[in-house]
Amino acid sequence: MFSGRICKLLGPTLVRHNHTVTLFPGDGIGPQISASVKEIFSTAEVPIEWEEHDVYPILEKNGKTRIPQPAVDSLFKNKIGLKGPMRTAIGKGHVSLNLTIRRTFGLYANVRPAKSIPGVKTPYSDEGVDCIIVRENTEGEYSGIEHTVVPGVVQSVKLITREASRNVAEYAFKYARDNNRSNVVALHKANIMNLSDGMFLDQCKEVAQKYQDIKFRDMYLDSACLKIVKDPGQFDVMVMPNLYGDILSDLTAGLIGGLGLAPSGNMGRDGLALYEAVHGTADDLVEKNKGNPTALLMSGLMMLRHMELNDHANKIEKAVLATLGERKVVTGDIGGRATNPEYTAEICRKILASS
Amino acid sequence: MLRTFVRPALSTLNCKAASSTTGFKSGTKYGGKTTVTLIPAAFRGGRKVTVTLIPGDGVGPEIAESVTTLFKEMSVPVEFEVVDLTKYTLRDDGAFNNAITSLKRNGVGLKGVLNRAGDFRTHNVEFRGNLDTYANVVRCMSYEGIKTHHTGIDLIAIRENTEGEYSCLEHESVPGVVESLKIITREKSMRIAKFAFDYALEHNRKKVTCIHKANIMKLSDGLFKRCCAETAELYPSIEYEEQIVDNTCQQLVINPTQFDVMVMPNLYGNLVSNLGAGLVGGAGLVPSKSYGDDIAVFEPGARHTWMEMKGMYVANPVAMVLSSAFMLKHIMLHEAGDNLITAVKKVLNKRTCQTRDLGGKATTREMTRAILAELHDLHA
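In order, the protein sequences belong to chains P and G. The letter at position 212 of the first sequence is residue 212 when you use my numbering, and the numbering goes up by one with no holes. The letter at position 144 of the second sequence is residue 499 when you use my numbering, and the numbering goes up by one with no holes.
Hints listed in this document are in silico derivations from the structure and should not be mistaken for laboratory results. None of these values were measured; they are calculated from a predicted model. Treat the hints with caution; some may be incorrect.
[To be verified] List of simulated lysine-lysine pairs, DSS-like, C-alpha gap at most 25 Å:
1. G/Lys700 - P/Lys227
2. P/Lys38 - P/Lys318
3. G/Lys502 - P/Lys227
Let's have the full structure, built from the sequences with the hints guiding it.
The following block contains the structure:
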């Protein structure tokens with residue numbers, strides 16, 4: 001019943017009937033949409049037990065930020081987590097919260113699939129978008145190393161290491177192979193940044209040698225931007241350094257309907273995976289419980305597929321796509337009028353009807 | 356008939372537009388003593404204006420040929436000083452320096468995209484650094500006859516073109532670890548911000564958006580953002596807003612009509628101008644203008660050489676032709692420039708002659724002939 005992969009995930013512990021997954025609800029609409037996801041998963045009888053924790057980093061007196069220990073222990077133990085949106089504290093001396101999480105858990109690759117959703121009409125729905133962005137998640141332009149050289153002159157350091165580039169390239173090709181994807185394109189600006197992006201590109205080329213069944217090519221970032229808005233269907237798996245990945249993944253989310261619908265997963269060492277909703281906390285929707293749980297739900301489905309619970313994932317996905325396709329009970333951000341509980345109930349109804 | 360002709364330096368624009376900021380001199384130093392002198396009128400009396408033409412690599416020579424053909428047929432009083440860099444090798448600094456000297460001497464240039472790397476910067480980047488053409492302006496406007504996912508786009512992307520991520524200062528500090536420096540200075544940020552607002556004022560634009568990533572790059576993009584905000588206070592008639600670059604890219608594919616003038620550092624400018632070009636129909640349709648304090652260079656907006664199609668005459672010459680039309684307007688040959696722009700728009704709207712990138716089969720020369728036919732109709 002349980003494949004070898006799941007046994008490896010659980011490690012040397014006993015094979016349990018239920019998988020335990022860490023859940024970080026987050027802020028704003030986070031707790032509400034997390035509740036929706038839990039309800040939908042239990043309706044679909046997904047064998048998951050949730051362990052909820054608060055992952056909001058604590059600012060210590062010495063200026064360092066760290067994640068609360070219970071949250072850290074939980075995710076390292078369970079190896080799989082789902083995270084809601086988090087509020088960024090402005091001006092409180094926090095290092096970026098996401099950065100703290102990435103560093104604590106060693107999340108080196110960020111995977112953002114963008115697939116056109118039937119029922120959510122965008123100018124790109126007709127030709128269909130189905131691309132995946134694999135973004136290096138630890139270094140690059142987001143190293144946070146900046147200095148004021150003299151007053152009025154600032155330098156910001158972009159750090160590219162061979163090791164991190166190789167890791168993300170390996171993950172991109174492995175993902176492509178595991179998910180039956182035929183080609184990988186590396187996006188870079190090595191004509192301008194010869195050494196840094198050049199090193200990234202070299203690592204991608206080296207890894208490509210090991211995966212002869214997957215077509216590899218490289219493209220300048222600006223060329224890619226030009227082509228992706230004209231004809232997004234030509235892109236499959238794309239791998240790139242941190243900043244370009246951040247920008248382009250928001251772009252591809254826009255192609256399919258916005259951040260409220262886009263899933264995201266982060267890969268760490270030894271099979272650790274944290275899936276998250278990348279939209280904001282939408283504080284104005286909290287009172288009436290009108291947040292859209294689709295992004296968190298889709299991330300949850302990515303998580304289920306990673307855990308090889310494909311049947312459950314397919315069942316839920318079918319219900320979600322059907323609900324979105326009918327457009328009768330959908331939330332405000334995609335043009336409907338339903339509240340979060342109404343939308344959730346509709347999906348649950350469809351799941352029960354199909355089983 | 357050409358009588359007096361003043362080669363307009365950027366300061367002319369600024370002096371007209373920034374009347375509320377008396378005492379502010381535009382020049383190479385913000386608020387400093389340097390002033391830019393207006394080039395005195397030259398009595399040409401029948402002689403032509405000399406413009407440097409650098410065809411560039413890839414399909415560059417072919418689309419430059421379109422421009423020279425059109426100018427000849429239109430009898431435009433422009434003489435091209437052609438500096439051909441395609442035959443020269445990487446080591447040939449002499450040819451490159453000739454090009455720079457020619458541009459500095461003439462003050463106006465029409466340039467294709469170069470595909471070669473210099474010693475540590477590419478030639479394109481080297482050009483911009485040497486000439487200090489710090490402002491690159493790309494206007495992305497929807498054309499009626501071109502089928503795209505969005506319509507009604509009219510945005511202007513103003514990109515700081517001399518520093519930022521393109522400083523090309525990299526080193527491998529230990530084996531396997533490379534550091535690349537992104538430089539942002541107050542001086543250049545103020546300069547481009549002032550240019551953007553002046554440009555908006557000059558062209559009756561209502562809003563300027565500053566594109567940045569200051570939430571992550573707090574010092575560098577933070578400085579850029581502050582400079583834009585400070586400059587915005589001098590222009591109360593123009594609405595100012597700030598937006599993070601990833602949100603901008605998302606908004607560009609969801610609702611690009613919301614953007615008016617956008618000002619940003621080098622790399623984001625590259626992305627946004629290419630995105631904008633893609634949104635209105637592709638690299639073959641978008642021209643750009645690069646301004647320095649006393650020099651203007653006109654080149655295609657999305658800078659791609661398309662080396663694979665070199666010599667096959669399938670490239671779309673519209674971007675280069677429109678760049679040359681803007682060049683004509685810059686040297687005060689407004690009628691010729693406007694006629695050329697009208698003719699190009701008519702060809703695009705009629706949809707009978709379309710090159711490969713627009714879904715048709717026309718060659719570069721056929722497109723040029725179509726534009727010529729429209730020009731004849733205009734004069735008839």
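Hint check results:
1. For the hint linking G/Lys700 to P/Lys227, the alpha-carbon distance of about 23 Å falls within 25 Å, and the restraint holds.
2. Proximity of P/Lys38 to P/Lys318 is assessed by CA-CA distance (about 17 Å); at most 25 Å being required, the pair is judged to hold.
3. Annotation: proposed proximity of G/Lys502 to P/Lys227 holds, straight-line Cα distance about 15 Å (limit 25 Å).
In the structure shown, no violation is registered for any of the earlier numbered hints.
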